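Number of protein chains: 4
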Amino acid sequence: MGMIGGSLDAFIGSVHRRGAALDGEIELVCGAFSSNPEKSKETGKALYLPEDRVYGSFEEMIRREKELPEGERMDFVSIVTPNHMHFPPAKMALENGFHVVLDKPITLNRAEAEELKAIWERTNLVFCLTHNYTAYPMVKEARHLIKSGAIGKVRKVIVEYPQGWLSQLVESSGTNKQAAWRTDPSKSGAAGGVGDIGTHAENLAEYITGLKITELLADLTIFVEGRQLDDDANMLLHFENGAKGILHNSQICNGEENDLNIRVYGELGGLKWRQMEPNTLVWTNQEKGSRIIRTGVNAESRAAQVHTRQPAGHPEGYVETFANLYRNFAFAVRAKEAGQEPDPDFDFPGVEAGVRGMAFIDTVLKSNSNGAVWTKFE
Amino acid sequence: MGMIGGSLDAFIGSVHRRGAALDGEIELVCGAFSSNPEKSKETGKALYLPEDRVYGSFEEMIRREKELPEGERMDFVSIVTPNHMHFPPAKMALENGFHVVLDKPITLNRAEAEELKAIWERTNLVFCLTHNYTAYPMVKEARHLIKSGAIGKVRKVIVEYPQGWLSQLVESSGTNKQAAWRTDPSKSGAAGGVGDIGTHAENLAEYITGLKITELLADLTIFVEGRQLDDDANMLLHFENGAKGILHNSQICNGEENDLNIRVYGELGGLKWRQMEPNTLVWTNQEKGSRIIRTGVNAESRAAQVHTRQPAGHPEGYVETFANLYRNFAFAVRAKEAGQEPDPDFDFPGVEAGVRGMAFIDTVLKSNSNGAVWTKFE
Amino acid sequence: MGMIGGSLDAFIGSVHRRGAALDGEIELVCGAFSSNPEKSKETGKALYLPEDRVYGSFEEMIRREKELPEGERMDFVSIVTPNHMHFPPAKMALENGFHVVLDKPITLNRAEAEELKAIWERTNLVFCLTHNYTAYPMVKEARHLIKSGAIGKVRKVIVEYPQGWLSQLVESSGTNKQAAWRTDPSKSGAAGGVGDIGTHAENLAEYITGLKITELLADLTIFVEGRQLDDDANMLLHFENGAKGILHNSQICNGEENDLNIRVYGELGGLKWRQMEPNTLVWTNQEKGSRIIRTGVNAESRAAQVHTRQPAGHPEGYVETFANLYRNFAFAVRAKEAGQEPDPDFDFPGVEAGVRGMAFIDTVLKSNSNGAVWTKFE
Amino acid sequence: MGMIGGSLDAFIGSVHRRGAALDGEIELVCGAFSSNPEKSKETGKALYLPEDRVYGSFEEMIRREKELPEGERMDFVSIVTPNHMHFPPAKMALENGFHVVLDKPITLNRAEAEELKAIWERTNLVFCLTHNYTAYPMVKEARHLIKSGAIGKVRKVIVEYPQGWLSQLVESSGTNKQAAWRTDPSKSGAAGGVGDIGTHAENLAEYITGLKITELLADLTIFVEGRQLDDDANMLLHFENGAKGILHNSQICNGEENDLNIRVYGELGGLKWRQMEPNTLVWTNQEKGSRIIRTGVNAESRAAQVHTRQPAGHPEGYVETFANLYRNFAFAVRAKEAGQEPDPDFDFPGVEAGVRGMAFIDTVLKSNSNGAVWTKFE
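Chains as they are written, first to last, in the UniProt record's numbering: chain A, 1 to 378; chain B, 1 to 378; chain C, 1 to 378; chain D, 1 to 378.
There's no promise every hint is true.
Put simply, identical chains are the same to the list, so a pair is met inside one copy or across any two.
Here are the simulated BS3-like cross-link-like pairs (lysine-lysine), alpha carbons at most 27 Å apart as the crow flies [to be verified]:
no., residue 1, residue 2
1, Lys336, Lys45
2, Lys45, Lys366
3, Lys177, Lys288
4, Lys272, Lys288
Hints listed in this document are in silico derivations from the structure and should not be mistaken for laboratory results.
Being a predicted model, the structure only gives us computed values, none of them experimental.
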């Protein structure tokens, strides 16, 4: 694996590295960790990479690695840069024959996403978009239960993603790098919280239910004076099967950490899951009451089981979701190289999910700018 | 107290009787428990009332009680009939000089509500509408904290009221009296779940925040085939101070019991409360983390304290909310009779809250019937 | 009902009155609320009793009420005095033909308890000891599930009763009447926390499991300097069927409210219940995971159902446990008067439970004073 | 790092490997994964090790690695064998100059532990015993708060470790390797559950409080017929400062996963922590109520902060505790090599904790075999 972005002071880069390392299936062999060559070098050194595999730019890395003999050169790139720097390295990597792991959202805007999709379709390469929250075992189990009819036809979906870390204008502090780029349209894209976390909520809802949102209505707000992008979004949803829904994401819910959660109600029961207690899935039923499904205890699906590493009660967490994605990606690469189909229980989001996310952002922005009106997905 | 409605097989009548009895301040002295005189008599007997104080109709009760000497006759009426039978007895009671406790919603429609308000304003009588959920001590404390600036200016309000008991067409079973009248427009009014529980959510949100909703957008659904009234509602809200909100109520959230809950986020913190764990209020803050406020432990407001009966950890529940309303109503009657102002910490919802609820229902229905569009309160 | 003790500033008296009033089956007709006649009068007045039914002493009340014609005189006495004043009025009431409701523990010591039992056995009267915590619907359900074999043979019982209200020497403040008498051996008996709350834990464990403790080992402590009675107790238990257990009660668990809770593990599963969330019972199983049983939702036993007043999700609490006891007691009195057997699903603790509690206290004190050694029940 | 034990079908070996890999500070370079050379080879292959670094026995590994040039040979051994195979490789590694990471309990019995301690004291090597549960950030914070006086003098400690996985005689199934060796005295030592999990509870209690247990009383049981070692233990504790405590561990709590938890009450407040929700620490106080301390939110100690990898609400779990130990161990090795003192906030359990654990086991067994009597630590 060669990493693009992810210098020492970045949040998501180290998460990717830990996720990739966890199962011992993937080795970091090179990196272009920063557009600042000095910073890249420093990071490479801290990661015990040989100096000659630490590059000053992603272009250099892709070019030079390609020249190395097979077996020695990196197998794939992992791109963990801010959003505006997703498309260029992803495009170049694919065009040079490297598989790609890319942090979400896929690109800065929908046009880039469509272009990237077109490029990818011309290759025979594996592409993983790290919508990691769908890699929790209990999310797999929820998806399985709905698919198997356990709660009947889905009627109502409530998906929430409240955070509080942007309750104040922290991006102007000069010390919060995360906040700075995420609230800067030139780096983050036209959406703020909707792009950063709203897309996770959308991805989670569609993944678990297996249903597409067909139209939505979005009411976006910038609550913190001086901010440039939305920090709060309230949406109503219509799903393809007639189900109705609510999605809200916020970064001004003062005191909330990272409380992505979903509730799905069907004709025969319901399911509830919270990211912050990820090993618990609650299966509700009007007459029978609630059953607790727990990681490592009583998940019935193979999909949940193969994403579980520890025995019951040994908490699995956030880093394991990245490990799940990287491991499944590695398996898919091997299957590809062996000319085999990948195992569907070891799935991960790809280009389609990325384009879907950009369509979601587009539809949300369009709805909101037209006065928070009902807007169909195009 | 004389009761109108509330025969033995009704749910809410016995709740009112228990609430009224709890503190020993109020005695049931007569009743017209059913439009069926036989049933009324039977109920009166089961409640140990003398035969001559059990009436065959509310008209008879009000007329005959009025003829009794003061001190002997009932002091007030408690009306616990289905919605369509709220207005006639309330009107007659007020016009005959009796204070009134009335189950919510105030009337079948807004016109009746406005008329009742006009009648009440001509009297010098006390009127209580039993929006009981705002009578929990921790709701009082939440209101106090927001008023005192503890969470700063309110930005976002999420209020939910999911139930699951109408997940199937139980109203056609012939055995569920509750379900039958609540889903029948002639008895319940033009709204189903919105009138039954949505109004509680609206009342809770406005009471706690002290803010009025100025416009809303409502997406109503009848999920269960054969049902006549809405069983699910998703709404977006705008508040007078610029805060945004979400309100959803549902009776098809299969497996949910009675999960009224609210989250309010301000510039400086947030508050979270759930009716099903009513003695806990969570005060969130981005830097300091969460503090748990508990009934009988650390509520700082007198309003919370005077609505607390037991020491910490001796759970207070639903029946105490009715007891709080009845006790506060009794205190207000006495204050009125003594020519004093009522104590504001012993408050309860009145005609205004009732009219507000009808305005809410009207606005919701109008928004929905126009295609789920933004609609201002009139 | 005539009440002995329970003046306005007492905690438990008002709980009893509310419990008795809740269902409209019982009326307070007289009282001797304090050994101070002035205070008794004042309390009676506040409770709207006629002056001539408020007495200056329990002796006077029992004597004078007995002289009243049947139908007019009180049916039973409710005794809510401090422990040292349990035996005299209970004895006199029974000897004068009045049924008795008595707050726990039954008497000041075991000798009194045995004597009271003997007196009661000579009468044909109904006796209720208000170990109220076993009157929760989910406790009834737990007992039913164990009896029905749902968790197999019981192996391990953990019952806890932590409180924190005596973390400091509050009894010397002069303002905490509760604390003052409860830590005074002349009023409370030879045990402090063990008598006050340890007996509730013992009663709960034996009631739910249907098993008797046969021997125990108790390590008692007085943590707060200047206190005269135990404020902390740790015990190991042996049950008659070979099950092992732990019981601990404390009043110095700083920050704990009233957290009585129990866990019972059998060969096939387990049950967990907490008084502070009384409407939830968790049924654990190694392979199937946990099921949540909730008041008003999915309790299978009639015993749980007949102790449930509200629909699901309308929290029932502490006051309902007293209402359950008083209602069941009233039913038993009527059955007795009608010459019928009482319905076993409407049960309540009686003299036997009281004597058992005193045996428990004795055994604990004996074990502790011998150096915390294993001690058999006598 | 060279690993001893931990073939593919072992539980704890893979946990160690993942923990060691997580931060990219440690590389697995060789292993003797099984006493069965075939199995060792297979494991090495699956872990992408070169064939010549996969050994048939630990003796061979230590001998051969020692012969490699510095910089190439392993820096330390990680020993993850069953208990009876802890002492021999640990001894040999130390005697040949290798630092050691060793799974707990340190050895099969106390004599071995003392001998190992003596050997270690003669070296200048770093030794880590993987009592991993004390490596959670919230455990560090709890220790810090107690040390800083936040809850005053400690009075009561309740530490529990219930599991349910040995509720049936699974060791005889032939398919549960874990269960088989853990219930076999020749491999596990004289204690069953007490050695496996009781020692974790003891370690946690003493680490958090900073207090030593001075005497205890233990009541051990074998509930499952046919089992050779204790599967349930109930203990009372006395601490050096006069605090009292309860410790119980069980593997027959049917339906419990891995619910290690602790409550500590002092004069001024209390602390509560559960391993299964490891990122939450509750700080209780009688007047102020409870405060929630969360990983990544409001921990005040540097010790907690340096053991936190993700921002708030991105759950950290079990694998991170091993990563913490391995990283801290690696830092200590480097400090040692640089002749520096290790940073006390990056601490980990060592030989002392191991000897302490064996003393605990010895005292427990002695108490139990004498009839569950009070027994002092020797």
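List of violated hint numbers, smallest to largest: Going through the list in order, the structure violates hint 2 alone and respects the others.
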